[in-house]
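Peer 1: For reference, the chains in residue letters:
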Amino acid sequence: MKSATHYLTMKVPERMGFVNITPDVVRVVRESGVQEGMCLVNAMHITASVFINDDEPGLHRDYRRWLEKLAPFDPSPTAYEHNRTGEDNGDAHHKRQIMGREVLVAVTRGELDFGPWEQVFYGEFDGRRPKRVLIKVIGE
Amino acid sequence: MKSATHYLTMKVPERMGFVNITPDVVRVVRESGVQEGMCLVNAMHITASVFINDDEPGLHRDYRRWLEKLAPFDPSPTAYEHNRTGEDNGDAHHKRQIMGREVLVAVTRGELDFGPWEQVFYGEFDGRRPKRVLIKVIGE
Amino acid sequence: MKSATHYLTMKVPERMGFVNITPDVVRVVRESGVQEGMCLVNAMHITASVFINDDEPGLHRDYRRWLEKLAPFDPSPTAYEHNRTGEDNGDAHHKRQIMGREVLVAVTRGELDFGPWEQVFYGEFDGRRPKRVLIKVIGE
Chain A
1 MKSATHYLTM KVPERMGFVN ITPDVVRVVR ESGVQEGMCL VNAMHITASV
51 FINDDEPGLH RDYRRWLEKL APFDPSPTAY EHNRTGEDNG DAHHKRQIMG
101 REVLVAVTRG ELDFGPWEQV FYGEFDGRRP KRVLIKVIGE
Chain B
1 MKSATHYLTM KVPERMGFVN ITPDVVRVVR ESGVQEGMCL VNAMHITASV
51 FINDDEPGLH RDYRRWLEKL APFDPSPTAY EHNRTGEDNG DAHHKRQIMG
101 REVLVAVTRG ELDFGPWEQV FYGEFDGRRP KRVLIKVIGE
Chain C
1 MKSATHYLTM KVPERMGFVN ITPDVVRVVR ESGVQEGMCL VNAMHITASV
51 FINDDEPGLH RDYRRWLEKL APFDPSPTAY EHNRTGEDNG DAHHKRQIMG
101 REVLVAVTRG ELDFGPWEQV FYGEFDGRRP KRVLIKVIGE
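Chains as they are written, first to last, in our numbering: chain A, 1 to 140; chain B, 1 to 140; chain C, 1 to 140.
Same shape as in the complex, but just chain A (with noise of 0.2 Å):
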């Protein structure tokens, strides 16, 4: 079995945005040497997500209004008892849930398995600080 594991360092000016790192993870596949297995993405902190969905700026500003309808910012500890904490990124972790954690790829013949407009984004909610992304691919 081989594998390869490689961590991308993310760091959005915004609180809330979205960055296409499609490019990574084919990268990281085509070095990997796996031809048949299965690649792992995941945000590695818990107020971002990886996704996949289109890229269209029109989207992603959907997305946004969507999220912060869902779960508004909010800095106030009775909007968020997280908040209590002396955090204001309550909403963050909410949003993350909706959007999820990782996405798995399939690698088939040295390649990302991808539908016709699948695309890999980081989703980041609470922004304007480094943080790192995980690829692992595993197969042969």
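It is possible that some hints are incorrect.
One copy or any two copies: either way a pair holds, since identical chains are not told apart in the list.
[Unchecked claim] Derived DMTMM-like pairs (lysine to aspartate or glutamate); straight-line CA-CA distance at most 25 Å:
{"id": "1", "residue 1": "Lys2", "residue 2": "Asp54"}
{"id": "2", "residue 1": "Lys11", "residue 2": "Asp113"}
{"id": "3", "residue 1": "Lys2", "residue 2": "Asp113"}
{"id": "4", "residue 1": "Lys11", "residue 2": "Glu36"}
{"id": "5", "residue 1": "Lys11", "residue 2": "Glu87"}
{"id": "6", "residue 1": "Lys11", "residue 2": "Glu68"}
{"id": "7", "residue 1": "Lys2", "residue 2": "Glu87"}
{"id": "8", "residue 1": "Lys69", "residue 2": "Glu87"}
{"id": "9", "residue 1": "Lys11", "residue 2": "Asp88"}
{"id": "10", "residue 1": "Lys11", "residue 2": "Asp24"}
Hints are computed from structural coordinates only; laboratory data are not their basis. From a predicted model like this one, the values you see are computed outputs, not experimental measurements.
Position chains B and C against the provided structure of chain A, taking the given hints into account.
Peer 2: Only chains B and C this time, still in chain A's reference frame:
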């Protein structure tokens, strides 16, 4: 390491619908010969989901109603900026995030290692055209 | 390829509750002897979740309140058609979709490859009876 890769083509005649694909997943796992490993099942399209839940028609009607409330179908570009692209499926990209893209099921002694009620479903949110599902098994 | 399979039995005395199962996952990974691989942790029941987030009681109270808002408990068959089956847990099948069924964690140099705050939780949405969680490690 053994691996097997299989693609299903789904044709849901309605905009939204759920299809039990467990028998296909069972078949691919058995044909793979894998005794201990993992089986990934994912939607290859970004307006569809693969998820595990109950094969109960009432629940599926509940899901439909609930998803419609969380992300209503609305073809207008004011409801979803994504619809400015000429698409009318902005809602479907949101519904898919709630229900998820993929499931990963353990394979133990040659079988899907399922709890008593676990069944794998394809969730369609922008149907009326063929779409693909990927089933990938790795293990030994 | 090495593999290890372990089952936990969860008994949450309330309808909804979160239990940190990270020590169990750590133990199964160490005992597996896998140095490089992946560890799947999933709820085997369809009214429960496994997810990764912060071990902070205030956040868990926030999650409880938020999930109750997104999918309120209501035993009536008008609130959830699923409850026509004689069940009263229609809400739990919805809450579980928000929080997810499973997590997949990279195993690197024999340990769970976690970010600084990642902890694995069992999320129960229809408790007061025993349910199972599956932990499966594959790798080398």
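Peer 1: Each hint: holds or not?
Peer 2: Each hint, compared with the structure:
1. In this assembly of identical chains, the alpha carbons of Lys2 and Asp54 never lie at most 25 Å apart, being 30 Å within a copy and 32 Å across copies at closest.
2. For the identical chains of this complex, Lys11 and Asp113 are inter-copy neighbours only, at 21 Å across copies versus 28 Å inside a copy, given an alpha-carbon limit of 25 Å.
3. In this homomeric assembly, Lys2 and Asp113 come within 25 Å of each other (Cα to Cα) both inside a single copy, at 18 Å, and across copies, at 17 Å.
4. Taking identical chains as interchangeable, the C-alpha atoms of Lys11 and Glu36 are never at most 25 Å apart, the minima being 32 Å within one chain and 28 Å between chains.
5. In this assembly of identical chains, the alpha carbons of Lys11 and Glu87 lie at most 25 Å apart only when taken from the same copy (19 Å versus 32 Å across copies).
6. For a Cα distance limit of 25 Å, the shortest separation of Lys11 from Glu68 inside one copy, 21 Å, qualifies, whereas the shortest one across copies, 34 Å, does not.
7. Taking CA atoms no more than 25 Å apart as the test, Lys2 paired with Glu87 passes in neither setting, with 41 Å inside one copy and 41 Å between copies.
8. Taking the shortest Cα distances, Lys69 and Glu87 sit within 25 Å of each other both inside one copy (20 Å) and across copies (23 Å).
9. For the identical chains of this complex, Lys11 and Asp88 are intra-copy neighbours only, at 19 Å inside a copy versus 33 Å across copies, given an alpha-carbon limit of 25 Å.
10. In this assembly of identical chains, the alpha carbons of Lys11 and Asp24 lie at most 25 Å apart only when taken from the same copy (15 Å versus 33 Å across copies).
Checked against the numbered hints given earlier, this structure breaks hints 1, 4, 7; the rest are met.
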